[in-house]
Every structure is written in structure tokens, then in C-alpha cells.
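A.B. asks: Residue numbers (my numbering), protein chains in the order written: chain A, 657 to 770; chain B, 164 to 277.
Any given hint could turn out to be false.
[What the hints assert, rightly or not] Stretch by stretch, here's where chain B covers chain A in the computed footprint (C-beta under 8 Å, at least three residues): (1) 688-697; (2) 700-706; (3) 760-770.
[What the hints assert, rightly or not] Computed list of lysine to any residue pairs in SDA-like fashion (alpha-carbon distance at most 20 Å, straight line): (4) B/265 <-> A/706; (5) B/220 <-> B/257; (6) A/757 <-> B/184; (7) A/757 <-> A/702; (8) B/265 <-> A/761; (9) A/725 <-> B/262.
Simulated from the structure, these hints should not be mistaken for lab results.
Idealized CB from N, CA, C, for every residue including glycine.
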Amino acid sequence: LAKTTQPISMDSYEGQEVNITCSHNNIATNDYITWYQQFPSQGPRFIIQGYKTKVTNEVASLFIPADRKSSTLSLPRVSLSDTAVYYCLVGDGWDAGNNRKLIWGLGTSLAVNP
Amino acid sequence: EAQVTQNPRYLITVTGKKLTVTCSQNMNHEYMSWYRQDPGLGLRQIYYSMNVEVTDKGDVPEGYKVSRKEKRNFPLILESPSPNQTSLYFCASSWAGATNEKLFFGSGTQLSVL
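Please take these sequences and the hints and turn them into a complete structure.
C.D. replies: Right, here's the structure in full:
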């Protein structure tokens, strides 16, 4: 089964770049890597998704090396409002309908300080 | 605005009193799902639906029921709630349930069963 490993927590300061690395050694050939953000008592929100190399959007960048066994979410110039839990997701097994599943781990709790 | 709407936001009930948490999406998504989130356990899938009248068990379905009579609605039913169902519940939807699709989450329902 694919499993993701990411740091439990990270601290940063406003204006800094934050990089959160996730390892997924057993990622399947067809699986994408997806990152979500969750604020307290709110539902997770999609941030970014990629398959290989680099993906960038208005919120973040995602770096994926050639072997795809890890990925790094990069948040440029974080602010206090980026304090949240960040989840790295890949496919993990199959559900009853033979659809690929996503397993949510505990994520990385990012604290941005003034 | 594209959104997933859950109601109620907070619910306190007593053991054995049937309750329903509603979920509605306005994006014409085929796939809808329910999760519960507990400290230290992450998000766990309860039930999901690939389309109208098609529902399947997730990882923790015991004690829950769902129905999908209309595409936009996917209510979660607890026929005889117990204290171990005290949790934060999220409804989510996506186009067709593939893992490379963006999942849209509701704001959550905090349920307390006394």
C-alpha cells in the first residue's frame, strides 16, 4: 500500500518561503500527488496537484523528482493566514467499486509566526 | 458560487435519537462522499456515492446510512447515534471520484452525542 510520510509540524515566520516535503516511496505509476490545506474546523481545500516535474499556481509550487518517491510543496512568502494543516495525498488501494482510494494521513501542521 | 453545503454546522443530541446531516452540492458532481475527522486519526471515509442510487461503504460505515436519490443531495443518517460517533463530519464532492480530481469539501458538522 502506498503511504505518505510528512513532518508532523513546522514553524515559520511571515515572509519566509516554506517547503513541506512528503515521501511516498510506493506511489503507483498512474497516481497523482495532491496537496490540500485545512484550517481549524473547516473542510480541506485543494491547493495543487502534479504528476511529475514542477507545477505552479497562484498559491504554491509543487516539485516532484524524476523517481516520484517524494514531493515538496513550496509556499512563497507565507503570511499568518497560511497557518493550517497541509495534507499530501496519493492513491492508496482500491475501494469496493474498484476505484482508486485516497488515504488521508495526519498532515503537517504549519504555524506561521509574526 | 461552486460549493458544498452541509447542515447543521453544530449538533448536540442524545444516544439513540435518530438524526440526519444534510449535504448538497451545486456543481452537478456525480461523486459525493462523507468523512469523519477525529483527533489523531485523520479523515476517514464513511460512505461514498458514484451517482444517483449508487452508494458504497467506505472505511468506517458502521452505524451510518446514506441515500442518493438526487444528484445534488447526499444525506448522512445516524439511526441510533452513540457517543463514539461524536466527531467532525465532512461532505465532499468531485466530478467522477477519480483521485486526480479536485475534491470540494463542505464546512463541516460538529456532532456531539451525549
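A.B. asks: Name the hints, by number, that the structure is in violation of.
C.D. replies: Number 6 only.
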